[in-house]
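For the record, the sequence lines run as chains A and B. The first sequence maps to residues 0 to 318 in numbering that gives the first Met the number 0. The second sequence maps to residues 0 to 252 in numbering that gives the first Met the number 0.
Keep in mind that the hints are not guaranteed to be accurate.
[What the hints assert, rightly or not] Cut-off 20 Å, straight-line C-alpha distance, at most; resulting in silico cross-link-like pairs (EDC-like, lysine to aspartate or glutamate): (1) Lys-75/A with Asp-190/B; (2) Lys-140/A with Asp-86/A; (3) Lys-75/A with Asp-248/B.
[As the list claims (entries may be wrong)] Stretch by stretch, here's where chain B covers chain A in the computed footprint (C-beta under 8 Å, at least three residues): (4) 25–37; (5) 101–110; (6) 190–198.
[Claimed, not checked] For each label pair, taking beta carbons as the anchor points, the in silico distance ranges come out as: (7) Ala-31/B with Gln-76/A: 33 to 41 Å; (8) Asp-185/A with Leu-75/B: 12 to 20 Å; (9) Gln-200/A with Arg-90/B: 33 to 41 Å; (10) Tyr-32/B with Gln-76/A: 15 to 23 Å; (11) Leu-204/B with Phe-15/A: 50 to 58 Å.
Calculated from the structure, these hints are not laboratory results. All C-beta atoms in this analysis are idealised placements derived from N, C-alpha and C, irrespective of residue type, glycine included.
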Amino acid sequence: MTTENILIQVDQVSRFYGSLRAVDDISFEVKKGEVLGFLGPNGAGKSTTMQILSGNLAPSAGRVRICGIDLLDQPKQAKALLGYLPDQPPLYRELTVDEYLLYCARLNRIPAAQRRSALDVAKQRCGLTEVGRRLIGNLSKGYRQRVGIAQAIIHSPAVVILDEPTVGLDPIQIREIRELIRELRDEHSVILSTHILPEVQAVCDRVQIINKGRMVLTDTIGGLQQRMRGESLWLTMRQAPELAALEKIVGAGQVEALGEGHFRIHTEQLEQLAERIVLEAVANDWGLYEIRPERMSLEQIFVDITTSEYGVDAERAVS
Amino acid sequence: MMAFAIAGRELRSLFVSPLAWSILAVVQLILAYMFLTQLDMFMALQSRLLGIEGAPGVTEIIVAPLLGNAAVVLLLVVPMLTMRLVSEERRAQTLSLLFSAPLSMSEIVLGKFLGVMGFLLIMVLMIVLMPLSLLAGGSLDLGMLFSGVLGLLLLLASFAALGLFMSTLTVQPTIAAVSSFGVLLLLWIIDWAGGNSGAGQASELFAYLSLLRHFESLLKGVFDSADLIYYLLFVALFLGLSIRRLDADRLQH
């Protein structure tokens, strides 16, 4: 991995609001073609981090480099490589979609001759071709969100930063926007902040969980799924045997009877055990009709992490 | 020059809202009425003026008061134009579009300022059309007219710069409007102190600070570069303060 492939480099960035430590010593990198999910509960410092990355806020300490260009020392050059959609899309309601996007193209220094084609590409990618002549103020929220995304990608920046892009959209629009984000990955790096967990699973390559201003987890989606593998087996049987019969197979103390034929078995060797239980169940005619490994959901991991000792630490630091 | 892109957007947004049109219409109506009464007075006095050596001409009697009145009317109007420049963008959270684009703060501030100046230029052109119509039936002192128009433009530039700065201070457009109106009015009447309490040094200073005083000499056709520099410094000061204020949004506080 050469350094040229690292598009964003965040180095020990902190930001205070008065005595409140909104972002505390965060460092990470985003590589080319990567979708990074930035996850955290409300008020965790997601939007502050996004604002710092986009140059809307100056960090109290630390450095941000976009494609190797320092955002504080050379803001113009660095910002030319950025597209940013804040949590509130920055739209002028009195302009039409075309006027607005052409203005954005001009602000991002696209030469006059290429503005039209940039506009057409951005509109086509965001599904706005039909509404080019309509006033932004009259568009539905979903369309406005798309105009916001079009604004962020019109100058084909190396890095696209999207702050909660799917908030307030209906399920179909959410799917379309996720599809769009997946397409963006081909040419841009994307940083996506959200508090919606399935969204991260759906579109991101890598996840970072932030809580109370601190980074508490950085992992790939694959790694996260590893974490999600639970250590228990769930059984349901029509003619449930005695608890002792199951314990004979599994080992004492590892079986929980939950009534109505439900059992939970705690073990670390899921595969071998499952096979043996099925064989026994058939031999003894227990009427086994459900057996599945219990997974931790992303939600559980998230709750585990954000309520663990890190959270307590951060709280102390703030007060 | 990116400032022109921003200025163009400002102008466009003004003209797609009814605000710009109604302001243009109202100002034109009021000043046209003042122009006509002044013209009427001149017609009545004309025969008597003919007999007097060195009597004031048509430019002094009609144009100078018209531009003077325009300045007073626009003192009320400019804060309404400038109030939304930054505060409205801050409220609608559109400012981040400018902040994350490859622009410097000075380009943003200059763009906003030029946008308002573009509108004011249109307004001044429409006002000047009235005295220019007199050319159809007589002659004007064009030098004096030019100096007066220049004075009016410089004055309006100072109004706009101050209004822009007030707009960067707040999220509420109305607060920006009220405070810029208040400060402008104060700077307008600050030389009253000189009139009432004799000629102390402080009152001399106050008189010199007055926006009105520098305008009056330009209206009389006296072009003094000190007046020009006064207005340019005034504009530069408040544009500089606006840039600093916007920069402070990003920084630690």
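* **Hints violated by the structure (listed by number, smallest first)** => 1, 4, 6, 7, 8, 10 and 11
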